[in-house]
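Starting from the structure of chain A, add chains B, C and D where the hints point.
There are 4 protein chains.
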Amino acid sequence: MENSHKHAHAKVEWIEIPVRVRYADTDRMGIIYYGTYPVYFEIARTEFMRKKGFTYRELEEVGYHLVVVGMDLKYYNSATYDDLLIVKTSIPNWQSRGMTFHYEIYKDKSLIVEGHTKHICVTSNRKPIIIPPRLLAILKDVSPK
Amino acid sequence: MENSHKHAHAKVEWIEIPVRVRYADTDRMGIIYYGTYPVYFEIARTEFMRKKGFTYRELEEVGYHLVVVGMDLKYYNSATYDDLLIVKTSIPNWQSRGMTFHYEIYKDKSLIVEGHTKHICVTSNRKPIIIPPRLLAILKDVSPK
Amino acid sequence: MENSHKHAHAKVEWIEIPVRVRYADTDRMGIIYYGTYPVYFEIARTEFMRKKGFTYRELEEVGYHLVVVGMDLKYYNSATYDDLLIVKTSIPNWQSRGMTFHYEIYKDKSLIVEGHTKHICVTSNRKPIIIPPRLLAILKDVSPK
Amino acid sequence: MENSHKHAHAKVEWIEIPVRVRYADTDRMGIIYYGTYPVYFEIARTEFMRKKGFTYRELEEVGYHLVVVGMDLKYYNSATYDDLLIVKTSIPNWQSRGMTFHYEIYKDKSLIVEGHTKHICVTSNRKPIIIPPRLLAILKDVSPK
Numbered sequence: 001m002e003n004s005h006k007h008a009h010a011k012v013e014w015i016e017i018p019v020r021v022r023y024a025d026t027d028r029m030g031i032i033y034y035g036t037y038p039v040y041f042e043i044a045r046t047e048f049m050r051k052k053g054f055t056y057r058e059l060e061e062v063g064y065h066l067v068v069v070g071m072d073l074k075y076y077n078s079a080t081y082d083d084l085l086i087v088k089t090s091i092p093n094w095q096s097r098g099m100t101f102h103y104e105i106y107k108d109k110s111l112i113v114e115g116h117t118k119h120i121c122v123t124s125n126r127k128p129i130i131i132p133p134r135l136l137a138i139l140k141d142v143s144p145k
Numbered sequence: 001m002e003n004s005h006k007h008a009h010a011k012v013e014w015i016e017i018p019v020r021v022r023y024a025d026t027d028r029m030g031i032i033y034y035g036t037y038p039v040y041f042e043i044a045r046t047e048f049m050r051k052k053g054f055t056y057r058e059l060e061e062v063g064y065h066l067v068v069v070g071m072d073l074k075y076y077n078s079a080t081y082d083d084l085l086i087v088k089t090s091i092p093n094w095q096s097r098g099m100t101f102h103y104e105i106y107k108d109k110s111l112i113v114e115g116h117t118k119h120i121c122v123t124s125n126r127k128p129i130i131i132p133p134r135l136l137a138i139l140k141d142v143s144p145k
Numbered sequence: 001m002e003n004s005h006k007h008a009h010a011k012v013e014w015i016e017i018p019v020r021v022r023y024a025d026t027d028r029m030g031i032i033y034y035g036t037y038p039v040y041f042e043i044a045r046t047e048f049m050r051k052k053g054f055t056y057r058e059l060e061e062v063g064y065h066l067v068v069v070g071m072d073l074k075y076y077n078s079a080t081y082d083d084l085l086i087v088k089t090s091i092p093n094w095q096s097r098g099m100t101f102h103y104e105i106y107k108d109k110s111l112i113v114e115g116h117t118k119h120i121c122v123t124s125n126r127k128p129i130i131i132p133p134r135l136l137a138i139l140k141d142v143s144p145k
Numbered sequence: 001m002e003n004s005h006k007h008a009h010a011k012v013e014w015i016e017i018p019v020r021v022r023y024a025d026t027d028r029m030g031i032i033y034y035g036t037y038p039v040y041f042e043i044a045r046t047e048f049m050r051k052k053g054f055t056y057r058e059l060e061e062v063g064y065h066l067v068v069v070g071m072d073l074k075y076y077n078s079a080t081y082d083d084l085l086i087v088k089t090s091i092p093n094w095q096s097r098g099m100t101f102h103y104e105i106y107k108d109k110s111l112i113v114e115g116h117t118k119h120i121c122v123t124s125n126r127k128p129i130i131i132p133p134r135l136l137a138i139l140k141d142v143s144p145k
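Residue numbers (our numbering), protein chains in the order written: chain A, 1 to 145; chain B, 1 to 145; chain C, 1 to 145; chain D, 1 to 145.
This is chain A alone, in the form it adopts within the complex (with noise of 0.2 Å):
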């Protein structure tokens, strides 16, 4: 019962990330690069993690990488050079042995790009493990900080 409630908990917990779009980002059709989106991912990833109350460096200094396995991505909408984007993130999915992280990408309140990112968790010579139990209950903490 505690558990079905956590766990439903847990699919709607959403942190969300401010991303500046910069000029750097945008190609030549005047919008944000297909292949920026990624990057953005990636910030929301690390912010999550910090919010959570421990950093992704910290994980690789002990030793842990959180590789990406898989991506996809849906691009619904365009943004350009200094939009203030908001991009949400959440961990629909969890296995033993990684998880999946779910990002959704707005401006003005209107979604512009949504995907997913499949991590397994690795060794530093890349042999995949177990999520260390300490991490996993952080990650799948869902109390207020």
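Among these hints, one or two may not hold up.
It does not matter which identical chain is used: a pair holds within one copy or between any two.
Stated by the list, open to error - Capping the alpha-carbon separation at 30 Å, the derived lysine-lysine pairs in BS3-like fashion look like this:
no., residue 1, residue 2
1, LYS127, LYS52
2, LYS127, LYS109
3, LYS109, LYS88
4, LYS127, LYS107
5, LYS107, LYS51
6, LYS51, LYS127
Hints in this document: simulated from the structure, not taken from any laboratory.
As the structure is a computational prediction, the values presented were derived from the model and not from experiment.
Coordinates of chains B, C and D only, in the frame set by chain A:
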């Protein structure tokens, strides 16, 4: 009969593009940054069209764009600075208003990344249109060059 | 008298911008790629103008560009993923048709990179022009905001 | 006599590298983003060394890096997507602990960007050292390949 033969031929027609990994393409994990691969896809599309006998630049100059509306990637393995990758590109799927490109990236004959980009044809003011018949004929042509 | 005072004041006026290093900004040496710093300069210019009370985006929308005609950088030290850098920006030098921006990038109060970008003002068809007086007045204004 | 001859020869020895401009390299001004050129310089350095008979990758694998300590660029003209540029590279200046690369980037025989990068040789723990004599001999060798 002729048609189905052409269709089958089209499905297997690959074009191969070499890409040398730049130092800028890597990240501090020592390998290619996951957000670099969409750039390799873009290069492959450009060269795919050039090998077909026209250029995407010309397409833009007459007022058309093949904007990306979706992308997916699977990361099987990694590569690093100075590796000479091969990007195999095909168009497995056509609609009247768009197409899907398929990419396979190889390092030493081993598949490291696979993905698709889905495009629609738009005018300069972003209005979706039917792909110009001349363009469609050129892209679909699988006769040897 | 008043003029020389304003000039002296202008010379020392710095604006400080925080920049969080992205994973994408690093390379396989484990540090920020040397070609990333021009992007940090660009962000600093954008925020410099915003703090002055207008945006570079607005400038482009009325048909002007401050194109870069020269850049120099000195690299004293390095930084890496997740470092929170401070970019100090000023305009030490004005001409009627352009200006020079100066940048100092700090990590934990230690100077890691220093540089300049030199710009000229052009119209949308790349013709050099005198900087619009209103823009000049705003950028030169060093009164506290 | 022999020395001064070699020196004079070295001064004029250029190596030329073609670089095709990617869509990702452009910005919303419709031209190559000013921060893209350092990447072209990097490609040119890599190919310069390869043409000399060794690779920068090998140099890193034996524990050396040629870190950038300075860079300057002059922007004379612009280029855009799909342009085929030529980067001319030489090493006009040597010290026992470093060297300067010079670059000229051409579009249709017209010089669009010129610049230099200054490097020092360091070990994997960032300690400056004298350039290994074998490397120095190879890089300075201007005999035809």
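How the hints compare with the structure:
1. In this assembly of identical chains, the alpha carbons of LYS127 and LYS52 lie at most 30 Å apart only when taken from the same copy (25 Å versus 38 Å across copies).
2. Taking the shortest alpha-carbon separations for LYS127 and LYS109, only the inter-copy value of 22 Å comes in at or below 30 Å, while the best intra-copy value is 41 Å.
3. For a Cα distance limit of 30 Å, the shortest separation of LYS109 from LYS88 inside one copy, 11 Å, qualifies, whereas the shortest one across copies, 33 Å, does not.
4. For a Cα distance limit of 30 Å, the shortest separation of LYS127 from LYS107 across copies, 20 Å, qualifies, whereas the shortest one inside one copy, 39 Å, does not.
5. Proximity of LYS107 to LYS51 under the C-alpha cut-off of 30 Å is found in both arrangements, the shortest distances being 22 Å within a copy and 22 Å between copies.
6. For a Cα distance limit of 30 Å, the shortest separation of LYS51 from LYS127 inside one copy, 28 Å, qualifies, whereas the shortest one across copies, 37 Å, does not.
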